[in-house]
Amino acid sequence: MKPFDYERAVSSNAAARAALASGAHFIAGGTNLLDLMKLEVLRPDKLIDISRLPLRQVERTGDGGLRIGAMVTNSDLAADPRVRRHYPVLSRALLAGASGQLRNKATTAGNLLQRTRCPYFQDTAMPCNKREPGSGCHALDGFNRNHAILGTSESCIATHPSDMAVAMMALDASVEIQSAAGKTRTVALDEFYALPGDTPHVETTLDSGDLVTAVLLPPPLAARQVYRKVRDRASYAFALVSVAAVISMNEGVLDHVAVSFGGLAPKPWRDRKVEALLSGKPPSGALFQEAADRLLAEARGYGGNDFKIALAHRTLRAVLRQATGLTQ
Amino acid sequence: MSKIHVSTTVNGDPVEFLADPRESLLDCLRNHLDLTGTKEGCGTGDCGACSVTLDGTLVCSCLVLGVEADGKSVGTIEGMATGAELHPLQRKFIEHAALQCGFCTPGILVAAKALLEQNDNPSESEIRYWLAGNLCRCTGYDKIVRAVMDAAAEIRGAA
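The listed protein sequences correspond, in order, to chains A and B. Counting from 1, position 24 in the first sequence corresponds to residue 24 in the UniProt record's numbering; the numbering is continuous, with no gaps. Counting from 1, position 61 in the second sequence corresponds to residue 61 in the UniProt record's numbering; the numbering is continuous, with no gaps.
Note that these hints are calculated values from the structure, not bench results. Please note that the accuracy of each hint is not assured.
Heads up, simulated EDC-like pairs for lysine to aspartate or glutamate below, C-alpha to C-alpha not over 20 Å straight-line [what the hints assert, rightly or not]:
{"#": "1", "chain 1": "B", "residue 1": "Lys3", "chain 2": "A", "residue 2": "Asp45"}
{"#": "2", "chain 1": "A", "residue 1": "Lys281", "chain 2": "A", "residue 2": "Glu251"}
{"#": "3", "chain 1": "B", "residue 1": "Lys72", "chain 2": "A", "residue 2": "Glu7"}
{"#": "4", "chain 1": "B", "residue 1": "Lys3", "chain 2": "A", "residue 2": "Asp49"}
{"#": "5", "chain 1": "A", "residue 1": "Lys2", "chain 2": "B", "residue 2": "Asp20"}
{"#": "6", "chain 1": "A", "residue 1": "Lys46", "chain 2": "B", "residue 2": "Asp20"}
{"#": "7", "chain 1": "A", "residue 1": "Lys2", "chain 2": "B", "residue 2": "Asp27"}
{"#": "8", "chain 1": "A", "residue 1": "Lys38", "chain 2": "B", "residue 2": "Asp27"}
Using the sequences provided together with the hints, build the complete structure.
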């Protein structure tokens, strides 16, 4: 590991200002960052420890939603009684990720900002456009079983590995950000992430010195919430495909429809056209088939991950049947 | 890149050491405090051999910087027995032969103790999910799970 300086932030303002320095990097839970530093994929000159900032509360907001402090651990968030009761899709997604040891340390903001587990990104002996812009991508025709089929580019086909963010996407979460100038802004989670295009090293809309301070959830809906994660073993594995659904029914038709996907794309994926196609119609096998066709109309496999197209199709249909109570 | 003074509590004893910021809590326990019961398996948070508690919460000490422990309380395998008297989990691991090479055992014992402290009657499935972050390449896990269930029964009986 490259030598670095360590400083404990005394306030959000001080942390954001300190992060403006070249080579500075926040550390929160460290569960992903320290791995990447050991591999020298990341080589910060200075770590700013934000883990003791007073951002560990889960609070009700004025509109009846929830404000989740950036430093709330994944374990604490999954166990929060309000999350379990009103946002069960989030609790289930969190518990489907990592191991107890990691969830105890990993934070809400760190989970959003974790890096891809693409093996080429993690191997400094290989080219990677995300790690070294312009160096190339060997996943395109290499080992790509875990890679993306939607939202990819010729520069990068890495997936975003989070379960938590997939659930938050279906819950219409937004991210509260404090700038180095001390200004606070809120960005919809869907707009927080950037697609790779020809700049796969740019993963979010955060600027230098921006500090994520919270995730905001809107008031809970009376809706069925489902999280289904398909993976190689029953626990402690990243998603091949995951689906989060928040769906309400009204007089026999689908009413509110929010469906998001993990394991398929460089960001937690949501397709409003699929949701519009489903909304206002009675549940049926034919409708769900059409929705899955629509979701995957532009999907592209790269050899090792071709199976994800059929797997995503089946998983979406199964989740829609579960969320609407369709039995056949 | 100067060393940083760390003041912490390990198994109830106040300790101080100087840490290079690059050193993990695992490095500090083993190299500065001579507490070598905590093992380094993968060094990437996957195997759980380095499990300790930090302010009572189970974590992988390979993914904690030593400097992060400043002002916190650390619990390791060395704090599990009371003098010469083994913890019920330790005794049950011996009775059930729930170890072979033993390298993963300290981490599994620390993790299992953290489970029993919050749930003294876990189901087999709860034990298996709780220990999902602790890999054992020898036992096939069955003896470990049975030892934890047996220790839980003994602790419940004693309470």
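Quick rundown of the hints versus the structure:
1. B/Lys3 to A/Asp45: holds (15 Å)
2. A/Lys281 to A/Glu251: holds (10 Å)
3. B/Lys72 to A/Glu7: holds (17 Å)
4. B/Lys3 to A/Asp49: Holds, because 16 Å separates the two Cα atoms, which is no more than 20 Å.
5. A/Lys2 to B/Asp20: holds (11 Å)
6. A/Lys46 to B/Asp20: Roughly 13 Å between the alpha carbons, so the hint for A/Lys46 and B/Asp20 holds.
7. A/Lys2 to B/Asp27: holds (16 Å)
8. A/Lys38 to B/Asp27: holds (13 Å)
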